[in-house]
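Peer 1: Residue numbers (the working numbering), protein chains in the order written: chain A, 126 to 240; chain B, 45 to 158.
A hint or two may mislead.
[What the hints assert, rightly or not] Only some residues are given here: those of chain B computed to face chain A with a beta carbon under 10 Å: (1) Ser77; (2) Gly84; (3) Gly86; (4) Gln88; (5) Phe104; (6) Phe108; (7) Pro114; (8) Asn121.
[Claimed, not checked] Pairwise CB distance ranges (calculated): (9) A/Thr155 x B/Phe104: 37 to 43 Å; (10) B/Asn121 x A/Leu181: 30 to 36 Å; (11) A/Ala154 x B/Val158: 40 to 46 Å; (12) B/Gly102 x A/Thr155: 28 to 34 Å; (13) A/Asp179 x B/Asn115: 34 to 40 Å; (14) A/Gly187 x B/Gly141: 30 to 36 Å; (15) B/Gln62 x A/Leu181: 44 to 50 Å; (16) A/Glu191 x B/Pro52: 26 to 32 Å; (17) B/Asn123 x A/Gly141: 46 to 52 Å; (18) B/Leu127 x A/Gln196: 38 to 44 Å; (19) B/Asn121 x A/Thr137: 40 to 46 Å.
[What the hints assert, rightly or not] Residues of chain B clear of chain A, computed beta-carbon distances all greater than 12 Å: (20) Val48; (21) Thr53; (22) Thr58; (23) Leu132.
Quick caveat, the hints were computed from the structure, so don't treat them as lab data.
Predicted model only: the values in this text are computed from it and were never measured.
Glycine included, each C-beta is placed from N, C-alpha and C at the ideal position.
Residues per chain are reported as follows:
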Amino acid sequence: AQSVTQPDIHITVSEGASLELRCNYSYGATPYLFWYVQSPGQGLQLLLKYFSGDTLVQGIKGFEAEFKRSQSSFNLRKPSVHWSDAAEYFCAVGAGTGTASKLTFGTGTRLQVTL
Amino acid sequence: ETGVTQSPTHLIKTRGQQVTLRCSSQSGHNTVSWYQQALGQGPQFIFQYYREEENGRGNFPPRFSGLQFPNYSSELNVNALELDDSALYLCASSRLGGGHTEAFFGQGTRLTVV
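Same shape as in the complex, but just chain A (with noise of 0.2 Å):
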């Protein structure tokens, strides 16, 4: 069964500075890898999404990703942060085709922005 570990429970940066949130999964094969950014009390929206192909993929926001075999990490990036980036991140793992909504998320990591 496939697993995603999130080793951040809680990060600060200042705003204007980089981010980086670290997601390591563990599946056989192939993962189809997301994504999510969740604010107080609301749903997810995506971020950005890996299938196949380029393995550094671009998302909404600024955001890009990186999908790193040889260290089952895709980890989630941006050059400068914004205040409104404040929220809750979760990488999550889809097993195979068909799967990009029987998904297993990681426990989240909550993001705090300071001004």
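Since the structure of chain A is already known, use the hints to place chain B on it.
Peer 2: For chain B alone, coordinates are given in the frame of chain A:
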């Protein structure tokens, strides 16, 4: 904002009662998945419905059941509610068939069991 809508947004139930949550999928989508998100946790997959049949289930007991209707909307039913069922319930719609697609989530239903 996605086209996935959930109702109600909040509700409070008593332990032992039954509850029904509803989800309307995004236009063009044929699959609905349900997730439970306890406070401070990531969402956990409950089950998925495709063509009105259950198409995969997570580690949840049979008192969690569902339906999908011909218009692809869906219901989640939970019987014999327990205090630990208190959570945000998220619905996600997607399209199976036709290549890779992602899931789009609704805003969720906050269930409190007292």
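Peer 1: Which of the numbered hints above does this structure break?
Peer 2: 5, 6, 7, 8, 9, 10, 12, 16, 20, 21, 23
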